[in-house]
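Asks: The listed protein sequences correspond, in order, to chains V and E.
Numbering of the first sequence is given in our numbering, commencing with residue 1 and proceeding in unit increments.
Numbering of the second sequence is given in our numbering, commencing with residue 1 and proceeding in unit increments.
Derived from the structure by calculation, the hints contain no laboratory data.
It cannot be assumed that every hint is accurate.
Cross-link-like lysine-lysine pairs, in silico, DSSO-like; alpha carbons within 30 Å at most [stated by the list, open to error]:
no., chain 1, residue 1, chain 2, residue 2
1, V, 65, E, 208
2, E, 53, E, 635
3, E, 218, V, 63
4, E, 448, E, 356
5, V, 65, E, 448
6, E, 77, E, 134
7, E, 445, E, 302
8, E, 77, E, 37
9, E, 218, E, 39
10, E, 173, E, 215
11, E, 302, E, 215
12, E, 448, V, 63
13, E, 208, V, 63
14, V, 63, E, 634
15, E, 445, E, 215
16, E, 445, E, 53
17, E, 642, E, 570
18, E, 173, E, 39
19, E, 574, E, 448
20, E, 39, E, 642
21, V, 65, E, 173
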Amino acid sequence: MKKQFPLNHVVGFILSVVLTIFAVFIALETDFTTTIKLWIIGAFAIFQAFVQLIMFMHMTEGKAKVANIINISYSIFLAVVIVAGSIWILTTGHAAH
Amino acid sequence: MKLDEFFVTGDPLILGSQIAIGLTMVGLVVLITYLKKWKWLWNEWFTTVDHKKIGIMYIIAGVLMFFRGGVDGLMMKAQTSRPNMEFLDAQHYDEVFTTHGVVMILFMAMPMLIGIINVVMPLQIGARDVAFPKLNALSFWTFFVGAMLFNISFVIGGSPDAGWTSYFPLAGKEFSPDVGNNYYAIALQIAGIGTLASGINFIVTILKMRAPGMKLLKMPMFTWTTLVTSVLIVAAFPILTVALALMTLDRIFGAHFFTVAAGGDPMLWLNLFWLWGHPEVYIVVLPAFGMFSEVIATFSRKNLFGYVTMVVSIVAIAFLSMLVWVHHFYTMGNSAAVNSVFSITTMMIAIPTGVKIFNWLFTMRKGRIQFSNAMLWALAFIPCFTIGGVTGVMLAMAAADYQYHNTMFLVAHFHYVLIPGVVFAVFAGLYYWWPKMFGFKLNEKIGKWHFWLFVIGFNLTFMPMFFVGLDGMSRRMYTYSESTGWGAWLGVSAVGGLILAAGFAALVYNIYWSFRYASRDIGGDPWDARTLEWATASPVQEYNFAVIPEVTDHDEFWKMKKEGRNTLKKEDVKDIHMPSNSGIPIIFSVAIGIVGFFLVFEWNTLAAIFSVGIIAGLIANSFDYDDGYHIPAKKVWETERKWRGDL
Ligand code: HEM
Ligand SMILES: [Cu+2]
Numbered sequence: 001m002k003k004q005f006p007l008n009h010v011v012g013f014i015l016s017v018v019l020t021i022f023a024v025f026i027a028l029e030t031d032f033t034t035t036i037k038l039w040i041i042g043a044f045a046i047f048q049a050f051v052q053l054i055m056f057m058h059m060t061e062g063k064a065k066v067a068n069i070i071n072i073s074y075s076i077f078l079a080v081v082i083v084a085g086s087i088w089i090l091t092t093g094h095a096a097h
Numbered sequence: 001m002k003l004d005e006f007f008v009t010g011d012p013l014i015l016g017s018q019i020a021i022g023l024t025m026v027g028l029v030v031l032i033t034y035l036k037k038w039k040w041l042w043n044e045w046f047t048t049v050d051h052k053k054i055g056i057m058y059i060i061a062g063v064l065m066f067f068r069g070g071v072d073g074l075m076m077k078a079q080t081s082r083p084n085m086e087f088l089d090a091q092h093y094d095e096v097f098t099t100h101g102v103v104m105i106l107f108m109a110m111p112m113l114i115g116i117i118n119v120v121m122p123l124q125i126g127a128r129d130v131a132f133p134k135l136n137a138l139s140f141w142t143f144f145v146g147a148m149l150f151n152i153s154f155v156i157g158g159s160p161d162a163g164w165t166s167y168f169p170l171a172g173k174e175f176s177p178d179v180g181n182n183y184y185a186i187a188l189q190i191a192g193i194g195t196l197a198s199g200i201n202f203i204v205t206i207l208k209m210r211a212p213g214m215k216l217l218k219m220p221m222f223t224w225t226t227l228v229t230s231v232l233i234v235a236a237f238p239i240l241t242v243a244l245a246l247m248t249l250d251r252i253f254g255a256h257f258f259t260v261a262a263g264g265d266p267m268l269w270l271n272l273f274w275l276w277g278h279p280e281v282y283i284v285v286l287p288a289f290g291m292f293s294e295v296i297a298t299f300s301r302k303n304l305f306g307y308v309t310m311v312v313s314i315v316a317i318a319f320l321s322m323l324v325w326v327h328h329f330y331t332m333g334n335s336a337a338v339n340s341v342f343s344i345t346t347m348m349i350a351i352p353t354g355v356k357i358f359n360w361l362f363t364m365r366k367g368r369i370q371f372s373n374a375m376l377w378a379l380a381f382i383p384c385f386t387i388g389g390v391t392g393v394m395l396a397m398a399a400a401d402y403q404y405h406n407t408m409f410l411v412a413h414f415h416y417v418l419i420p421g422v423v424f425a426v427f428a429g430l431y432y433w434w435p436k437m438f439g440f441k442l443n444e445k446i447g448k449w450h451f452w453l454f455v456i457g458f459n460l461t462f463m464p465m466f467f468v469g470l471d472g473m474s475r476r477m478y479t480y481s482e483s484t485g486w487g488a489w490l491g492v493s494a495v496g497g498l499i500l501a502a503g504f505a506a507l508v509y510n511i512y513w514s515f516r517y518a519s520r521d522i523g524g525d526p527w528d529a530r531t532l533e534w535a536t537a538s539p540v541q542e543y544n545f546a547v548i549p550e551v552t553d554h555d556e557f558w559k560m561k562k563e564g565r566n567t568l569k570k571e572d573v574k575d576i577h578m579p580s581n582s583g584i585p586i587i588f589s590v591a592i593g594i595v596g597f598f599l600v601f602e603w604n605t606l607a608a609i610f611s612v613g614i615i616a617g618l619i620a621n622s623f624d625y626d627d628g629y630h631i632p633a634k635k636v637w638e639t640e641r642k643w644r645g646d647l
């Protein structure tokens, strides 16, 4: 195997740094309300998680490519169902009145 | 704590059991010592890592627990057989239905299924063992220790009494100060570790250890259901772990996750419990579906109808089963949107389930059906389970469920799915795979008694519950008055319970009879079956396959027979690498059990001291460099010659 320039890693690294600086900027230097700030930072965090999974953890490469993608999607599905589902159920019923 | 509080006292029934348990234990120890069997037990069973032996131990434990749970059931039936009966008081009735539910689901259904999976699945995929044999032993022993810890509760300290669902606030410290509900929290936690480990073990085994040529879509259906069930275990059991951990913190360490007064929320418990609890019912029913698929295909002499749609519907069921849990608490006061969404997802589960029912029917269509015992159970399963499924869809409608919820109608529903779905399947599986495990068949004639008594008894016991339920009888009522008019229904139900018990007795007698008298000369393939497990000897050689087969079809063994490929060439036989036995799993699990016992009684210092044993076990395991031994090719060849005869 020929040694290639690690383009993926460089792009991943730059993206990660940029996303982090952006989040810090939003949090410290803007006048949005706290809720909006949290939403924006949260979105950046999720995006960055994907960047890392793909660029550094090589989720989409190698023999177990399909298995990895299924794995990650299923875990995200479970986490969303369990966390978002529970919050939805427990905050919209009697508890809300 | 004084000794008279430690042991449960003051009830003649329990005193009787205490004496009986004491005597049985002493008797067993004396018997084993007299027969000089300790060493054999330790070497051949307690330290084994062989998936077939571990599977058999699971099944034995499952049968014992079936007996225990069954006695609980009969006690409840006796108490409600007539109005104003005075056999059990309210407290005892509460304890009995609680242990009945927990024992049947977690310590009967789960080990029976995991046991059969253990024996059969590696053979079906042409593997020599599961991926992590020692972990497999650990799974069994933690399950067993958890089950035993739970079972001693009724003689030592008192049983849990808040239902198998253990809802807060009732299950909390304030309303249940005794140790009973600690048993629930701790024993289930210990057993749960084992189940989770099994799930991981089976997934890795199936994904990594299939024989060459066996693509995912060439796997036998039972292996498919095992894979999907294992994925569900890995998804759902951690939720139970967390819920039980929170319960333990609440009960033993004074936290308040589930008490309103201190800012907690009891509904959080319900939510977490059913987030695990609903997937759990599918965890037990999916492998059962797999067994029926194998049995129906074999005894209809046809391959399974609609293989791919079967796979798709199993995956769809598993997917949906994570999305329906609210149907267990529609009446908790959710918003209309929540209840509507979960009504729809729940009803959707009936679709893939229906697809499977039709596939089984079409498999039988124009088949040359053989009415062997295993097949009889599969035939009885279809109509009985359908009743359970249809009443499930009735319960799924949130608005209607306000009427049905927590009535005997619900109790009838889940017995109509769980008994045909799991118990009939386990019976079918036992009759079918018994020769693989033990080298002889169970008797067909005694088996017919077992079948008819059990099926008739089952319907007599549970059918009346639909009617008293619709008439307003709520679940878990320990007594009722004459004027309700339920006496006749419940009387019939109690008689049904006795017939059911007679059916179980017939099974036990069948095992005894066949063990003594059945023919041992049955060959490797007594049913003329289709999948790879039948390419081995009965009982199976310790190394499973002398040569790992090449797979071309999902009914590979059938094809081998048709093409005359099921022979063995001497030059293909090589040395076989096997894992060594290990005492670590059992010792480690016993240490966990002791710590658990102290935690139940809230003797926290003792628990902390003995936790050192658990840590020591982990360390000891890291220094275990044993990497197995080899069976020389010559010995393998000799063994094969002996059972094949034709070489
Ligand atoms: C067609 C598929 C099914 C549907 C639509 C369905 C629906 C339901 C609903 C709505 C409930 C809650 C009713 C209430 O509490 O008022 C329920 C309870 C239950 N179901 Fe099913 N079910 C189905 C299949 C199954 C299967 C296959 C099993 C197990 C093998 C099962 C086991 C149970 C159990 C154990 C409970 C009661 C738990 C308890 O409260 O103690 N169900 N079912
Ligand atoms: Cu459910």
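Asks: Given the hint that residue 208/E pairs with residue 63/V, does the C-alpha gap stay at or below 30 Å?
Replies: 12 Å, holds
Asks: Please verify whether residue 448/E and residue 63/V have alpha carbons no more than 30 Å apart.
Replies: 51 Å, violated
Asks: Holds or violated: are the alpha carbons of residue 77/E and residue 37/E at most 30 Å from each other?
Replies: 40 Å, violated
Asks: Please verify whether residue 218/E and residue 39/E have alpha carbons no more than 30 Å apart.
Replies: 42 Å, violated
Asks: For the pair supplied as a hint, residue 445/E and residue 215/E, is the alpha-carbon distance within the 30 Å limit?
Replies: Given that 30 Å is the threshold and the Cα spacing comes to 40 Å, the pair is violated.
Asks: Could you grab the alpha-carbon distance between residue 302/E and residue 215/E and see if it respects the 30 Å cut-off?
Replies: The hint holds at about 21 Å.
Asks: Under the criterion that the straight-line Cα-Cα distance not exceed 30 Å, is the pair residue 65/V, residue 208/E satisfied?
Replies: 15 Å, holds
Asks: Next pair to validate is residue 445/E with residue 302/E; report whether the Cα-Cα distance is within 30 Å.
Replies: 25 Å, holds
Asks: Under the criterion that the straight-line Cα-Cα distance not exceed 30 Å, is the pair residue 445/E, residue 53/E satisfied?
Replies: 28 Å, holds
Asks: If you draw a straight line from the CA of residue 65/V to the CA of residue 173/E, is it 30 Å or shorter?
Replies: Distance ~49 Å between residue 65/V and residue 173/E Cα, so the pair is violated.
Asks: For the pair supplied as a hint, residue 63/V and residue 634/E, confirm whether the alpha-carbon distance does not exceed 30 Å.
Replies: Violated. Residue 63/V to residue 634/E sits at ~37 Å, over the 30 Å cutoff.
Asks: Given the hinted pair residue 77/E and residue 134/E, is their Cα-Cα distance within 30 Å?
Replies: Distance ~42 Å between residue 77/E and residue 134/E Cα, so the pair is violated.
Figure legend: structure checked against the earlier numbered hints; hints not met, in rising order: 5, 6, 8, 9, 10, 12, 14, 15, 18, 19 and 21.
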